[in-house]
Amino acid sequence: MENILSVLVFFPAIAGLLGFVVNKESARVYGVTVAAIEFFLSLWLWFAFDNNNAGMQFVEMIPLIPDFGVSYYLGVDGISLFIVIMSTLMTLIGMISMNIAKNIKNMVITLLFLEMTMVGVFLSLDAIIFYLFWELSLVPMLYIIGAWGGPLRIYASIKFFLYTFMGSLVMLVGMLFVAYIYHDLTGVWSFALTDWYALVLPVSYQLWLFAAFFIGFAIKVPMFPFHTWLPYAHGQAPTIGSVILAAVLLKMGTYGFVRFSLPMFPDASVIAITPIAIISIIMIIYTAMVAYAQKDMKQVIAYSSVSHMGIIMLGIFAMNAEGIGGSVFQMLSHGIVSGALFMLVGVIYDRRHTKMMDEFGGLATVMPKYALVFGIMLMASVGLPLTIGFVGEFLVLIGFYNVSPIMTILAGTSIIVGAVYMLSVYKKSFFGPVTNEANRTLQDLDAKETISLVPLVLIVVWLGVHPKPVLEPIDNSVKAMLSFMDEKAITQEAKEMIKVAKSTQEIK
Amino acid sequence: MYEQIAFYLFSMLTVILFLITVMSKNVLYAMTSLASGMVLISGFFFILGAEFLGVVQLIVYVGAVMALYSFAMMFFDATRSIKEKNTSSALVFLLGGMSALVLVLMFAAPIFSENIQALYPMHPEAGNAQDVGIVLFTKYLIPFEVAAVMLLVAMIAGIILAGKKMDRSLTQDMSVDMEKEIMIQKDAK
Amino acid sequence: MLEPIKVSLESLNLITLAPMLIAIVGGLIILCIDLFKENLDKSLYVMLTILILVVDFGLVMGLNANERGFFDVMLIDGVSIVSQLLIVAGSILFIPLGLTSKRFHEYEYPEFFALFLFMVAGFQFMAASDNLILILVGLETASLALYTLIAMHNRSDSYEAAVKYFTMGALATAFYAMGSAVVYGLTGSVELYQVAQTLSSRLNEPGLMIAIFGSSVLLLSALAFKLSLFPFHTWAPDVYQGASAPLAGYMSVVPKIAAFVVSLRIFGMYIELGVEWVRVIILIIAVLTMTLGNIMALVQEDVKRMLAYSSISHAGFVVAALALDTTEGNTSIFLYYALFMFTNLGAFAMLWISRHKQRRFDDRFDNPYEKFAGLINIMPMGAVIMALFMLSLAGVPPFSVFWGKIYVMQAAVNAGYVWLAIVMGLNSAIAAYYYLKLVVYMFLKEPVKSVDVVYYNLSKPLMVIIGFATVATVGAIFYVQPLISYFYYMISASGY
Amino acid sequence: MIGLSHYLVVSALLFSIGLMGVLRRRNLLMLFFATEVMLNAVNIAFAAISHFYNDLTGQMFAFFIIAIAASEVAVGLGILIVLYKKQGSLDLDELTTMKG
Amino acid sequence: MENLVYIALFAPLVSSLFAGLFGMSPRQTFVGIVSSALLFVSMSASLMLAYHVYQTGAPIYVTMKEWISMGDLFIPFGFVVDQVSVTMMGVVTVVSTVVHVYSIGYMDHDKSFNRFFSYLSAFVFSMMVLVMSDNFAGLFIGWEGVGVCSWLLIGFWYHKPDQSREENPSISPSWAANEAFIVNRIADLGMLVGIFILYWNVGSLQYSEVFAALPQLSEIILTTAALALFIGAMGKSAQFPLHTWLTDAMEGPTPVSALIHAATMVTAGVFLVIRANPLFSMTPEVSFFIAALGTFVAFFAASMALVNRDLKRIIAFSTLSQLGYMFAAAGLGAYWIALFHLGAHAFFKALLFLGAGNVMHAMHDELDIFKMGGLKKQMKWTYIYMGLASLALAGIPPLAGFFSKDAIIETAFNEGTLILWIMLVVTAGMTAFYSFRQVFLTFHGDERYKAFGIHPHEMYKFVLVALSPLAILAAIAGFFQGGFHDFVTRLLPEYQMSEHTHHLALVLGAIVLTFAVGGIALAYKKYANGLKRDEKTENGFLYKLLANQYYIPHLYEEIISKPYAMISDLMWKSVDLKIVDATVDGIAKFLYKSGDGTRKMQTGNLSNYLNWMAIGGIVLLVIAMLSAMLG
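Residue numbers (numbering that gives the first Met the number 0), protein chains in the order written: chain A, 0 to 507; chain B, 0 to 188; chain C, 0 to 495; chain D, 0 to 99; chain E, 0 to 630.
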């Protein structure tokens, strides 16, 4: 199965096309089935994945526009493998839990196309193909937010689209410039990342290019102060939209940093450590505070996403295996946890059609199972050890400590401020007496919701207790990347800052 | 000497006449002065030794074009003086003055160069008409033919646009589609 | 008496004329058919036109690059072949839009098709010459025919459009003539290859710069009008709105390709000669055009008008590529328009099938946004397809215009104009808003009025055309490679 | 002696006069007159340059400009006729249904 | 032996999961019984391990599996059973077994009975992980785990509404739970930083490797690491200024207070200091700071206990005070004494709390000791237990508290830190006073509860029986001091009193005893014969200051909670919406507006269009002219 990656990318798209034929009533089952098959395919990818190989695997390359250097070039390594699996998983879970009455067929088809673009982004090794999927992913999301969203849905969806679109176009210019330099040096057009990695650029070029890519990725992440599209998008999106958005789409930005910015511009990345760390700290603390001020449950989770993305960003720029690996793991963890949290908010929204916390109170009495799952996800979100949330956060902080203890302490306040807003949400909604009569008769989780949430709970615990199967491939790839970056770095400062793991050094 | 007198006379007259064309409120005046100006321009052509061009100018412009305009004028019943809310003259004169200034400055530049060899030199001994004829039917045969097509286009355009068929607009008439359907139904029967 | 001139037939290289000749003869044939038998159906003429154009296309394909013909008046280089191919292909694609289910005024005239063919011939002449006289004559032939075609739609908007277009065109002609006169005065020639030679030797003469700049500016004003560049663009929205959708779509592509060829020859020459000033001016105009076109498009209420502004903006994009004066830049002009053509064909065809004889949604506009509200419920496939076209225009990959855009931007980057690429990128982002607006209307809003009128004008041939445009738009990634390599080869072969 | 510049200056002045006409006229017919003036101005320039270079190209250009002007008149008047039939006026100020 | 380790560790987890299975079903007594049995199993295993370690003196190392491995970081799930951890294991399992059994009775009427056992056992598991782990990361797992369980258990009665601070100083269980969690998190950050420092300087988090590498590290690193770790300890052990949560934590059910907030979890900080003794003994400044802070807290907490009227809060303050003692000992280098006091304290304090639980049970959750009195008739056994525990707490020989506390005070003297010694001695007197103030007000004097219509009754028999081990231990633990010393000093540094102190030992003991007895006597005089309220004292500044906990909770609310909420709101409404978002929207609006502005050039009037065109051409010409003229 050499072309499993192509299958992974295009299976959902083809299924989506065929989905037009499927009857409306059966659309949902169709979607779940397809998503399940896709998920199992991605699991198979994991099964077939060679843990000891730090490089790209299952590489496929078909030249598409040779004169312009564009080729269909896919590959997977330890960094992307699990993000892909998480994408397929969250699509499946989202599909199962979906609670939409209107136009369900359109939703299923849209989701399947979205899945294609998501998987495509994480598997592409050609900048243009990456960009293609990157941009294309906006379209289904626009539709999902715009068609099934809340009252401000159109504003939110357009804001989401234009904001990210704007950023990515600047990034595109950066890509074109890299291609130009590559052509200048080698005489060959190429957008293949593996070719680009070989480029050693002067620091000034690196800085400009870093800035160009930064704008594209930062808006997607979203980094402060480019984050304001996110609360609207989340606030207005239907549950499934928020789940996918938080779980997968945001990861595209951070993934981009790991895939593009770091290996291509090691010196610029090292120079950018401080500014990015400052932005990340602002993200962590500032958005946590903003989250605390929210009245809408979903907005809290939305802002908390920004806060957590700050942690991920920080880890990426730790320039050591602990930090970067931790970030990649944190991407998975945030994907699963925030996805689950959004689903949980959706659960209560389906019942009460409001997300305002002052409408609730005492839900733990009425809906104990719901409260239990919410509590577990909450604890994972605040980074409790033995849940998935801890591993990433711990690694990130320990990694960044090597860069700057002071900033790590500031960033570490995330474990405090995170607890503050999450616990206050929990207290406001779940604790206290049942004050609102409307809440007294609420149904606890039904079968569908349980089926979709329990796997996430299991994963949260499993990967919290036994993260090794996931960490190992990530570790290998990250270590390889770091030693590569170290070799490539021009400036002495960068060489000092990029910390190659001892184990890799020994192998050399 | 004659040339100088003629040049300055023609220049002054054309400028005045064309100013009338541009400024006059009366179509008739404007048109008459335009026609006279064109005659004078053919005078320029004669001074410059482009007799053939001068003749064509007289025939085409003063003959054909002005005739067309006269007919049009009659059609539009535009003999009376026309009320126009003209663009503010300040702007007009500013822009006109500027363009005149810039163009004059431009043409005051030493554009003429002795070094340039004529590609299609004139042969004063043969006469302008022959010269023009030879160049026109060798080098510029293609543009000439294309110009013929252009005139054909203009003719067709004029015929169509002024034609009766334009009076009933199928574009806005929904009944024509009905007619067609009815015809189709008839055919079917 | 002068010596009679003997010219051998071979030296005339008549084959260079063949494509235009076919079109002209085809036009005449159509006129003759009409003479013999009246009231023939438009489908006949449409098909005849297509046939003639196909032959035309074939003949262009058969031309050898870098030949001159007919006393060097005709110039068949790579650019002219490529542009003629695009012109003819565009014409072939747009003319079947006449085959609507409803009858519209212009298509009831056989002369329409004759004029159309003459117009194509005119554009081809523009593209296939570097003689300013032939360019002007070709331009006028095409333009006069086009004015007529617009007016033939026969309603007050189309007259208004024709008058506006015509009058401004006349002014542009005057500018062009004046510019040519200055060029002639400077060099004693109106053939660009001669002009370039003479001018390069005169470039260092003192006091001449003003005339050189002046000539370029006058010519630029004239061509900027054709290319609808700021501030010569004002006609475009009104003319697009007044013209029928197929013609508007046609105008957004084919005349511009012809005008770009001319601009390429003229301004390419200036820039090549080292008159950097021209490049700067064109770049400024390009940036202004794409930005202003975009922000004006933001506030439009009518889709067709929005598309008009958007095509202004696209023209700004491409003219920036022209100013780069690199082979990639020049290639990108044609690549962009080739790819833009398919999408625009589709978009305008969608407007055309939704055309109703009465304005049922708005007093002023045929295609207000409201008309497309909730199209997803009425006509799901139509909505999806239209959305694809809009996304393509917005530059979302992998649809066709994206590849054009990226190539233009790459050309800008390669030429060292990174800021230009960034301006292009930001403009694309602004542009996305108004394209999205239509998508939003189609997908996210509820229908305003009764359902049937939205695809009032639909017919099978139009569906085929739209289908073709869709396939070409979506599948661009698979044919971009041959296009690029062919265009690049042809254009570099002709020395641009 | 009358040099090339003299003619060209006359041509420039006439061109500007024509331009002023184009700028200020609101009556379409009169507007067309102004464009004729501009074209004629150019013709003088061509004829003069042609004379001073002793080259025929300029006369050719002027010749074609005359042809073009003639065709433009035909088409222009055709359009004016349909417009007049519909609107009953040639005033530009009444021709502003499409805007914005 | 490995199996024993696993049994000791995982039996509570099994218990928790088992109880959790029934978490949402109605009360099932067998859940409590099974849980208690499993805890008993764990206790037995722990004691067997203790015996084993005692016998062989060799610690047992167990590495279960790899947990996190990334870059150079390698963290296994590794456990160590050595003298220190086995002591803790013993203390934890013994107390928790008792508390489990006790809870069967105490939580009898609670409908969340099953859930309670699940949480309680989960806590024990976390605590076991905390004490048994052989690396700092594992310690941190337990550290956070107990934090969460504490959160769950404090907020066990989450359905209670928020009240004002005047009605209820801890507002509501859920509020108190959140407070506890968040305050602990603040300290945890310090702990994490300590871990990070150690990792980047040593390259490992295993105790053995870290401690072995310490001598190579510079002083500044050692000091910061020690300080950071101690900040962690301060949070968990509720040292000033992070102490407020502990008294609020009394909102939880009383068994919880006994187990978590008296016997085990709060001593985790002390455990950390003891565990990391190589580090702390190399950083004398930090150690002295610990000792000083401990002493201060001992005094500070005792002072607040003097006037408090809440049964449980008094005990909580006393816990705080005793933790101060332990820190003082640990800070002064007498780690084994600290550990010894930790164990002894666990027994008598758990007993005291559980006794208080009995009282609450009897008094229908009434906690105000001013509303009690004369309960000894109805609750004889409870009286005995609480009296015994109070005596132990007051440090009356031969009970456990005497031996351990006396040793600490002696240490303070021995180290020459006279001020600490004096404070500790005075505190001992205060301890005796408030303990017996409480005992007397509760059990002696007039039966004030009758005014409130309460009919107290003694607790279930089996509960009273279950408490007996604690009572016995509280009574006799002191006699094992010597054995214990020999046992733990194999691992911990030896601490011996100097000759000089040794000579004075009796005198010193006598002084302490005098203070203790004096305290009891004073309490007896004031309260044994019923409550005589003294308006003047109660309205005095000092009394109010103490009663309001030095206004520290108010202060925190005013300078931290409220500003935080206010700034958050400001950040959202003013910064995020009005600045950041408004900028983005502003750009969009600007573009749209400029579109509206520029479209005005599109007047529709051809004449204007021609003007534009002419202007364009002429402007270009002028630019051409100018640029040509200017060069």
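It is worth saying that the hints were derived from the structure and are not from the lab.
All of these numbers come straight from a predicted model, not from anything done at the bench.
Quick reminder that beta carbons are idealized off the backbone N, C-alpha and C, glycines included.
Some hints could be false.
[What the hints assert, rightly or not] Selected chain B positions facing chain C (Cβ under 7 Å, derived; list incomplete):
no., residue
1, Thr86
2, Leu100
3, Pro109
4, Leu135
5, Val148
6, Leu150
7, Val152
8, Met154
9, Met165
10, Gln171
11, Ser174
12, Asp176
[Said to hold, decoys possible] Facing chain D, a subset of chain B residues (Cβ under 7 Å, in silico):
no., residue
13, Met0
14, Tyr1
15, Gln3
16, Ile4
17, Ala5
18, Phe43
19, Leu94
20, Phe136
21, Tyr139
22, Leu140
23, Met177
Status of the hints after comparison with the structure:
1. Because the beta carbon of B/Thr86 sits about 14 Å from the nearest beta carbon in chain C, more than 7 Å, this interface hint is broken.
2. Checking B/Leu100 against chain C: minimum C-beta separation of about 12 Å lies over 7 Å; hint violated.
3. Hint status for B/Pro109: holds, given a least beta-carbon distance of 5 Å to chain C, under 7 Å.
4. At its closest, the beta carbon of B/Leu135 sits 11 Å from a beta carbon of chain C; the interface hint therefore is violated under the 7 Å criterion.
5. With a cut of 7 Å, the hint placing B/Val148 at the interface with chain C holds, because the nearest CB-to-CB distance is about 6 Å.
6. About 9 Å separates the beta-carbon of B/Leu150 from the nearest beta-carbon of chain C, more than 7 Å, and the hint is not met.
7. About 5 Å separates the beta-carbon of B/Val152 from the nearest beta-carbon of chain C, less than 7 Å, and the hint is met.
8. Because the closest C-beta pair between B/Met154 and chain C is about 10 Å apart, greater than 7 Å, the hint is violated.
9. Taking 7 Å as the C-beta cut-off, the interface hint given for B/Met165 holds, the closest approach to chain C being about 6 Å.
10. Given hint, B/Gln171 at the interface with chain C, holds; its Cβ is 5 Å from that chain's nearest Cβ, closer than 7 Å.
11. Evaluation of the B/Ser174 hint against chain C yields a violated restraint, the C-beta minimum of about 10 Å exceeding 7 Å.
12. Contact between B/Asp176 and chain C, as hinted, is supported at the beta carbon level, the nearest pair being about 5 Å apart and thus within 7 Å.
13. Taken as an interface hint, B/Met0 does not check out: its beta carbon lies about 10 Å from the nearest beta carbon of chain D, beyond 7 Å.
14. Taken as an interface hint, B/Tyr1 does not check out: its beta carbon lies about 11 Å from the nearest beta carbon of chain D, beyond 7 Å.
15. Nearest Cβ of chain D to the Cβ of B/Gln3: about 6 Å, under the 7 Å cut. The hint holds.
16. The closest approach between the C-beta of B/Ile4 and any C-beta of chain D is roughly 10 Å, which is over the 7 Å cut-off, so the hint fails.
17. Because the closest C-beta pair between B/Ala5 and chain D is about 9 Å apart, greater than 7 Å, the hint is violated.
18. Checking B/Phe43 against chain D by beta carbon gives a least distance of about 5 Å; that is within 7 Å, so the hint holds.
19. The closest approach between the C-beta of B/Leu94 and any C-beta of chain D is roughly 6 Å, which is under the 7 Å cut-off, so the hint is satisfied.
20. Taken as an interface hint, B/Phe136 does not check out: its beta carbon lies about 11 Å from the nearest beta carbon of chain D, beyond 7 Å.
21. Given hint, B/Tyr139 at the interface with chain D, holds; its Cβ is 5 Å from that chain's nearest Cβ, closer than 7 Å.
22. Of the supplied interface hints, the one on B/Leu140 is violated, with its beta-carbon coming no nearer than about 11 Å to a beta-carbon of chain D, more than 7 Å.
23. A hinted interface residue such as B/Met177 counts as satisfied when its beta carbon comes closer than 7 Å to some beta carbon of chain D; here the least separation is about 24 Å, so the hint is violated.
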